[in-house]
Amino acid sequence: MSTTCVTEGFPTRFDSPGLRLVKGNAAMPSADALTADLAADLDVAFETLVVSFQDRLYSFAHRLCGNREDAEEVAQDSFVRAYRALKTYPSDRIRALALQAWLYRITLNVARNKWRRKRVRLVSLENGGADGEAARRAWEAPDAAERRPDSRLEQEQDRAGLASLVATLPERYRAALILRYVEGLRLEEVATILKQPLGTAKSNVHRAVNLLRRAISDSRRAKRSRS
Amino acid sequence: MKTNEKASASQTLAIARSLAALPRERAPRSLLPAVLERVGLGDRYWQIETPIGRIYVAHSRAGISMVSRARSARDFEKNFASRFGRPIGPDPARPPANVRAVVAGRLRARDANLRFDLRGVSEFERAVLLKAFEIPRGEVRPYSWIAREIGHPEAVRATGSALAKNPVPVLIPCHRVVRSDGHIGNYSLGGPQNKRTLLEAEGAQPATLEKLAASGVRYFGNAAGRYFCFPTCGGIGSLMRENRVHFASGREAIAAGYHPCGDCRPAAVA
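Chains as they are written, first to last, in my numbering: chain X, 1 to 227; chain B, 1 to 270.
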């Protein structure tokens with residue numbers, strides 16, 4: 001005979017007369033505690049998973065996609081996909097998950113699928129399709145409107161500029177670069193997420209930096225010639 | 001060549017630094033509720049009739065998160081959204097049998113295997129609520145009793161505030177906590193009259209308790225067993241009148257050679 005309470009964050013249990021209390025911390029749970037909670041009761045612990053990772057996945061999606069609408073959709077789809085996958089996993093498998101890498105990979109896959117759909121729309125434009133404007137915008141530098149230098153502080157402008165240059169890199173390099181430097185992950189984890197050998201991940205990061213450096217100097221040159 | 005390499009290494013470092021300095025974006029507030037809704041874990045509520053009218057009982061997958069009264073379902077939805085920052089919708093299913101049984105008084109809350117979602121409740125408030133949860137149906141305890149039982153005998157006022165903020169009244173029976181002077185005290189779910197109604201429905205006889213307190217009686221003693229209790233303690237309610245003695249304070253009872261009852265714990269046991 002017992003009662004269950006859930007408080008801040010993840011569920012853990014302690015006893016009191018007649019009471020099964022599910023209690024949590026204001027602080028985020030460690031990855032191990034979270035996977036254990038997900039394995040024990042997915043429906044109770046799932047919200048904590050979203051709260052723990054939503055900023056990371058949304059931010060990652062934003063850097064990948066270059067705009068907020070797509071980022072929110074990608075982050076949302078990623079969590080939904082994660083939930084559905086977890087629903088089918090036996091608890092041993094959930095407990096053994098490298099949660100962060102797994103979630104980043106899901107996000108990356110969701111974003112890739114999205115780009116694939118956009119590319120299809122562009123083909124229809126070249127064939128004289130009606131969806132011209134949207135498809136053209138898909139190829140415009142992301143957040144182009146935000147970059148127009150009306151009222152932004154210079155630093156914000158630089159950051160937005162850098163972020164949108166990142167978003168123009170070819171996808172395989174872009175993902176590697178963002179994971180390594182923006183998200184600050186170790187190379188081993190980057191390789192896991194990209195499902196690449198360590199050496200390949202390393203050289204992709206390296207090439208991404210070179211491409212970005214070239215893109216930065218190109219954009220500076222373009223700016224100078226405009227002014 | 002070497003100079004070029006050096007320059008490129010320092011550029012790489014500069015790029016890495018500025019990438020690391022890109023701020024982490026905060027997920028929009030709409031993300032969490034949208035995800036929970038899509039996977040079928042969104043918040044829902046039931047409407048249940050009680051002696052004090054219709055109450056709205058909100059629940060997440062984690063447990064019951066809010067009990068309140070409202071003029072209409074729409075008003076309740078609005079209150080919930082402004083308090084928790086996420087939307088809520090009606091639960092098409094009937095409330096589960098254990099929730100209905102507790103509200104109807106057929107089942108003790110502590111035996112009902114209820115689940116509560118108490119996020120946003122502080123450690124102290126939680127201790128107060130859990131202590132209130134232990135008070136049996138038909139009985140009452142003073143605020144000071146809760147404060148003492150949770151190890152903060154000085155925090156009587158804070159105990160009152162914690163109970164006033166109880167997000168799940170009725171199910172966590174904060175209406176069973178009254179003032180030491182016999183006054184029934186305030187009640188967050190629609191005022192003292194509702195508290196009285198709930199206590200009467202549970203057989204706690206608040207009017208009798210107030211009369212007793214007004215005449216200076218706070219405890220009953222069992223002359224045969226030499227122990228003393230709160231007047232509503234289940235063990236002593238059925239005491240034969242000739243065995244019953246009255247005390248105005250715990251100190252008086254102890255001075256008369258009585259020890260505190262182990263069930264209702266009217267005083268700290270030395």
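Treat the hints with care, as some may be off.
In silico contact screen, one side only, chain X against chain B (beta carbon under 7 Å); selected entries [what the hints assert, rightly or not]:
#, residue
1, Asp43
2, Asn67
3, Glu69
4, Asp70
5, Phe79
6, Trp102
7, Asn109
8, Leu162
9, Leu165
10, Tyr181
11, Leu185
12, Arg207
13, Val209
Listed next, the stretches of chain X that the computed footprint assigns to chain B, with coverage defined by at least 3 CB atoms under 8 Å from CB atoms of chain B [unchecked claim]:
#, segment
14, 31-38
15, 88-101
16, 196-204
Derived Cβ-Cβ restraints for the label pairs, each shown as a range [what the hints assert, rightly or not]:
#, chain 1, residue 1, chain 2, residue 2, range
17, X, Thr200, B, Ala70, 26 to 34 Å
18, B, Arg24, X, Arg220, 25 to 33 Å
19, X, Arg220, B, Arg44, 51 to 59 Å
20, X, Glu188, B, Arg74, 18 to 26 Å
21, X, Ser30, B, Gly203, 35 to 43 Å
22, B, Arg106, X, Gly184, 37 to 45 Å
23, X, Trp102, B, Pro153, 43 to 51 Å
24, B, Ala70, X, Arg93, 22 to 30 Å
25, X, Glu188, B, His152, 21 to 29 Å
Just so you know, these hints were derived from the structure itself, not from any lab. For each residue, glycine too, the CB sits at the ideal point set by N, CA and C.
So, going through the hints one by one against the coordinates:
Hint status for Asp43/X: holds, given a least beta-carbon distance of 4 Å to chain B, under 7 Å. Given the 7 Å rule on beta carbons, the hint for Asn67/X is violated: about 11 Å separates it from the nearest Cβ of chain B. Annotation: Glu69/X was flagged as interfacial toward chain B, and the flag is violated, the nearest CB pair being 10 Å apart, outside 7 Å. A hinted interface residue such as Asp70/X counts as satisfied when its beta carbon comes closer than 7 Å to some beta carbon of chain B; here the least separation is about 13 Å, so the hint is violated.
Hint status for Phe79/X relative to chain B: holds, with the closest Cβ pair at about 4 Å, below 7 Å. With a least beta-carbon distance of about 16 Å to chain B, the hint placing Trp102/X at the interface is violated under the 7 Å criterion. Below 7 Å, beta-carbon pairs count as interface contacts, and Asn109/X has none with chain B, the closest being about 17 Å; its hint is therefore violated. With its C-beta approaching chain B no nearer than about 6 Å, Leu162/X sits inside the 7 Å limit, and its interface hint holds.
Violation of the interface hint for Leu165/X is found here, the shortest Cβ-Cβ separation to chain B being roughly 10 Å, above the 7 Å cut-off. Against a cut-off of 7 Å between C-beta atoms, the interface hint on Tyr181/X holds, since the closest Cβ of chain B lies about 4 Å away. Because the beta carbon of Leu185/X sits about 11 Å from the nearest beta carbon in chain B, more than 7 Å, this interface hint is broken. Taken as an interface hint, Arg207/X does not check out: its beta carbon lies about 12 Å from the nearest beta carbon of chain B, beyond 7 Å.
The criterion of a C-beta within 7 Å of any C-beta in chain B is met by Val209/X, whose closest approach is roughly 5 Å, and the hint holds. A count of 0 residues in the segment 31-38 of chain X with a Cβ less than 8 Å from any Cβ of chain B is obtained; the coverage claim is therefore unmet, three being the minimum. Counting residues of the segment 88-101 of chain X whose CB lies closer than 8 Å to any CB of chain B gives 0, which falls below the minimum of 3, so the coverage claim is violated. Note: the segment 196-204 of chain X has 0 residues with beta-carbon separation from chain B under 8 Å; the three-residue rule is not met and the coverage is violated.
Take Thr200/X and Ala70/B: their Cβ atoms lie about 59 Å apart, and the range 26 to 34 Å is violated. For Arg24/B and Arg220/X, the Cβ-Cβ distance of about 26 Å falls inside the hinted range of 25 to 33 Å, so the restraint holds. Taking 51 to 59 Å as the suggested C-beta distance range, the pair Arg220/X and Arg44/B conforms, at roughly 55 Å. Between Glu188/X and Arg74/B the beta carbon distance is about 53 Å. The supplied range of 18 to 26 Å is therefore violated.
Judged by the Cβ atoms, the range 35 to 43 Å given for Ser30/X and Gly203/B is violated: they are separated by roughly 48 Å. Arg106/B and Gly184/X have their C-beta atoms about 57 Å apart, which leaves the hinted 37 to 45 Å range violated. Judged by the Cβ atoms, the range 43 to 51 Å given for Trp102/X and Pro153/B holds: they are separated by roughly 50 Å. Take Ala70/B and Arg93/X: their Cβ atoms lie about 44 Å apart, and the range 22 to 30 Å is violated.
The supplied range of 21 to 29 Å is broken by Glu188/X and His152/B, whose beta-carbon atoms lie about 49 Å from each other.
Violated hints, in rising order: 2, 3, 4, 6, 7, 9, 11, 12, 14, 15, 16, 17, 20, 21, 22, 24, 25; the structure is consistent with all others.
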